[in-house]
Amino acid sequence: MHLARTRSLFFLASIACALIVGAAFYLERVAGSAPCPLCYVQRSLFAIIAVVSLVAALHSPQKRGWRLYSLGMLLLSLVGAAIAGRHVWLQASPPDNMASCLENLRYLLDTQPYWKVLNLILAGSAGCSEITWSLFGISLPEWSLLGFAGMSLFALYYLFIEFRGFGSMDVGAPD
Numbered sequence: 021m022h023l024a025r026t027r028s029l030f031f032l033a034s035i036a037c038a039l040i041v042g043a044a045f046y047l048e049r050v051a052g053s054a055p056c057p058l059c060y061v062q063r064s065l066f067a068i069i070a071v072v073s074l075v076a077a078l079h080s081p082q083k084r085g086w087r088l089y090s091l092g093m094l095l096l097s098l099v100g101a102a103i104a105g106r107h108v109w110l111q112a113s114p115p116d117n118m119a120s121c122l123e124n125l126r127y128l129l130d131t132q133p134y135w136k137v138l139n140l141i142l143a144g145s146a147g148c149s150e151i152t153w154s155l156f157g158i159s160l161p162e163w164s165l166l167g168f169a170g171m172s173l174f175a176l177y178y179l180f181i182e183f184r185g186f187g188s189m190d191v192g193a194p195d
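Residue numbers for the sequence shown follow my numbering, beginning at 21 and rising by one.
Simulated from the structure, these hints should not be mistaken for laboratory data. Even glycine gets a Cβ: it sits at the ideal position worked out from N, Cα and C. There could be a bad hint or two in this list.
[Unchecked claim] Between beta-carbon pairs, the in silico distance windows are:
1. 113 with 35: 30 to 38 Å
2. 88 with 158: 15 to 23 Å
3. 132 with 156: 33 to 41 Å
4. 88 with 132: 29 to 37 Å
5. 130 with 105: 22 to 30 Å
6. 88 with 152: 36 to 44 Å
7. 169 with 130: 32 to 40 Å
8. 138 with 113: 37 to 45 Å
9. 157 with 46: 39 to 47 Å
Please construct the entire structure, taking both the sequences and the accompanying hints into account.
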């Protein structure tokens, strides 16, 4: 029963990340909220976390495998939280500190080295400081930060707490 619950929770984590990415696409396509490059990076990280957790649920490994999947999710979530935190900081800072315009992301990826594009994205632009949508007074990057924090806590739980006694379980023993 322990493994079935673990698989189900990893599957639910995958669904949660997919819903977050779907909500971001909805806000872009239907609500007309134009995403900035930092939004694209956060969206991509949620999609990668969704794939990792889905593969973990489908693979159903042993104790060491669950920990490796949890470690991967934790690292991706921490990177996402750092980027979302940077985005929140950019929204809170005065807009005169940022570049006025960041060129098209596709153009930058085609013409510049990846490390330079990453530096330009993380530096932010005027579009990153605009709050175009909020729910309950919380902006989209703040919601993203909460989502990454939740995924980090989920991964930490499975990395350090859930599987402490997993190796010593007696299979088939009477209750």
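These are the hints, each one checked on the structure:
1. 113 with 35: 30 to 38 Å: holds (35 Å)
2. 88 with 158: 15 to 23 Å: violated (33 Å)
3. 132 with 156: 33 to 41 Å: holds (38 Å)
4. 88 with 132: 29 to 37 Å: Distance hint for residue 88, residue 132 holds at roughly 34 Å.
5. 130 with 105: 22 to 30 Å: holds (29 Å)
6. 88 with 152: 36 to 44 Å: Holds, since residue 88 and residue 152 (Cβ atoms, about 38 Å apart) stay within the stated range.
7. 169 with 130: 32 to 40 Å: Taking Cβ atoms as reference, residue 169 and residue 130 lie about 34 Å apart, which means the hint holds.
8. 138 with 113: 37 to 45 Å: At roughly 20 Å between Cβ atoms, residue 113 and residue 138 fall outside 37 to 45 Å, so the hint is violated.
9. 157 with 46: 39 to 47 Å: With Cβ atoms ~20 Å apart, the hint is violated.
Figure legend: structure checked against the earlier numbered hints; hints not met, in rising order: 2, 8, 9.
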